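Chain order of the listed sequences is G and Y. Number 114 marks the last residue of the first sequence (the numbering used here); no jumps. Number 221 marks the last residue of the second sequence (the numbering used here); no jumps.
Keep in mind the hints are simulated off the structure, nothing from the lab. Quantities reported herein were computed from a predicted structural model and do not represent experimental measurements. In this text, a Cβ means the ideal position worked out from N, Cα and C, and glycines have one as well. Just so you know, nobody snuck in bad clues.
Derived coverage of chain Y by chain G (criterion: at least 3 residues anywhere in the stretch with Cβ under 8 Å from a Cβ of chain G; other residues may be distant): (1) 155 to 167; (2) 208 to 214.
Below, a list of computed lysine to aspartate or glutamate pairs in the DMTMM-like style, where the Cα atoms sit at most 20 Å apart: (3) Y:Lys208 - G:Glu102; (4) Y:Lys168 - Y:Glu181; (5) G:Lys65 - G:Glu86; (6) G:Lys7 - G:Asp87; (7) Y:Lys208 - G:Glu54; (8) Y:Lys208 - Y:Glu119; (9) G:Lys65 - G:Asp11; (10) Y:Lys208 - G:Glu58; (11) Y:Lys168 - G:Glu102.
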Amino acid sequence: SAVISQKPSRDICQRGTSLTIQCQVDSQVTMMFWYRQQPGQSLTLIATANQGSEATYESGFVIDKFPISRPNLTFSTLTVSNMSPEDSSIYLCSVVVWGVYEQYFGPGTRLTVT
Amino acid sequence: GIQVEQSPPDLILQEGANSTLRCNFSDSVNNLQWFHQNPWGQLINLFYIPSGTKQNGRLSATTVATERYSLLYISSSQTTDSGVYFCAVQGAQKLVFGQGTRLTINP
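Let's have the full structure, built from the sequences with the hints guiding it.
Here it is as structure tokens:
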């Protein structure tokens, strides 16, 4: 398995501002992902974070709104830019560990935009 | 893309009862996982089960890949079992989540 930490755990932000969420894993992983979970909904994949190159975004998500970095095998950041109340969600980091098939999830960042 | 349907959407039970949650998927998969999301939002891995049967304490799961469904069994439910249970499947590409079953266990 993997121990995944996310910072911040929660935040309340004003409309038009940006927030950067950090994800740190305690072991080397093959893949890192960012998900969004809107209130009362299931999880939706935002993008796959690629080490040293641009992230791969899913349909409906763009780099200008959700820039992602992954400078090494164990760390990634997701920025939610120019926020609106519709961005209020839980944002989750997820990883696949070397030699293991399961995906593991961090504790999430609960974002409220006012 | 692959479709995932979970049933029932909501389930309310008394402590001590047993329950069965179902996950149907539309295509062949090489990864199927069950998760429990607790009331604080943490997703906890329950099973990695693309086929066959596994048991862990009061929980067990069975996936019949040829018929494209998986079942999660919870026996002797406890209030701490409350939360949302997600099935997630992966075919050739990304992990796709179902809409979840919200389980409420009353004391």
